[in-house]
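Participant: So the protein lines, in turn, are chains X and E. Anchor point for the first sequence: position 2 equals 2 in UniProt numbering, and the numbering is continuous, going up by one each time. Anchor point for the second sequence: position 51 equals 51 in UniProt numbering, and the numbering is continuous, going up by one each time.
No lab work stands behind these hints, which were simulated from the structure alone. Be aware that a few hints might be false.
It does not matter which identical chain is meant; a pair holds if it fits inside one copy or across any two.
[To be verified] The list that follows gives simulated cross-link-like pairs (lysine to any residue, SDA-like), each with its CA atoms no further than 20 Å apart:
#, residue 1, residue 2
1, Lys11, Ala82
2, Lys41, Val75
3, Lys20, Glu44
4, Lys20, Val47
5, Lys20, Gln60
6, Lys20, Met1
7, Lys41, Gly19
8, Lys41, Val76
2 protein chains.
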Amino acid sequence: MGRVVVEVMPKPEILDPQGKAVVGALPRLGFTQFTGVRQGKRFELEVDGDVTPEVLVAAQQAAEMLLSNPIIEDVVRVADAAVESVA
Amino acid sequence: MGRVVVEVMPKPEILDPQGKAVVGALPRLGFTQFTGVRQGKRFELEVDGDVTPEVLVAAQQAAEMLLSNPIIEDVVRVADAAVESVA
Numbered sequence: 001m002g003r004v005v006v007e008v009m010p011k012p013e014i015l016d017p018q019g020k021a022v023v024g025a026l027p028r029l030g031f032t033q034f035t036g037v038r039q040g041k042r043f044e045l046e047v048d049g050d051v052t053p054e055v056l057v058a059a060q061q062a063a064e065m066l067l068s069n070p071i072i073e074d075v076v077r078v079a080d081a082a083v084e085s086v087a
Numbered sequence: 001m002g003r004v005v006v007e008v009m010p011k012p013e014i015l016d017p018q019g020k021a022v023v024g025a026l027p028r029l030g031f032t033q034f035t036g037v038r039q040g041k042r043f044e045l046e047v048d049g050d051v052t053p054e055v056l057v058a059a060q061q062a063a064e065m066l067l068s069n070p071i072i073e074d075v076v077r078v079a080d081a082a083v084e085s086v087a
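The following block holds chain X by itself, in its conformation from the complex (with noise of 0.2 Å):
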């Protein structure tokens, strides 16, 4: 069984009032070394077979169609999950 990563973040210029509260927060904590916070969405796909590249192709027009928003969000990473764990 493969799986397929897909993640999308807010585009820089959309608001992220999430990521403002981490990084509101973080302080409070003791985390000082933060100087900004994105929250974005991961997905992982699972397929029955292996993690062709027709399944990438796939997953990236998935995460483009129905993943992600394109007005306000960025397709930033489409990937085996096999690949991910090694690196």
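With chain X held as given, fit chain E onto it using these hints.
Facilitator: Just chain E, lined up with the frame of chain X:
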């Protein structure tokens, strides 16, 4: 300026209604190869300097304390975003 990526997923035994909604919608759009979907979060934390090992340790701690709910979520990745781009 450095950036750390932190990724959080619902634990396998936790219901994931957002993932279920996506896996139901995919075949209606012609994507029949995906048998399961889980939805989690991706955070990008900015630091002024480089992403040092100390920054990664702090990011891991912040991930466990603030960015995830350890009862229902796992921190699946804490990595330098620059390394990610190369992979």
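Participant: So, for every hint listed, does it hold in this structure?
Facilitator: Evaluated hints:
1. Lys11 - Ala82: Intra 27 Å, inter 18 Å, cutoff 20 Å: inter-copy only.
2. Lys41 - Val75: both (10 Å within a copy, 13 Å between copies)
3. Lys20 - Glu44: For lysine 20 and glutamate 44, the Cα distance is within 20 Å only across copies (12 Å; inside one copy 25 Å).
4. Lys20 - Val47: between (35 Å within a copy, 15 Å between copies)
5. Lys20 - Gln60: between (28 Å within a copy, 19 Å between copies)
6. Lys20 - Met1: Close across copies (18 Å), not inside one copy (37 Å); limit 20 Å.
7. Lys41 - Gly19: So lysine 41 and glycine 19 pass the 20 Å test inside a copy (12 Å) and across (11 Å) alike.
8. Lys41 - Val76: both (10 Å within a copy, 13 Å between copies)
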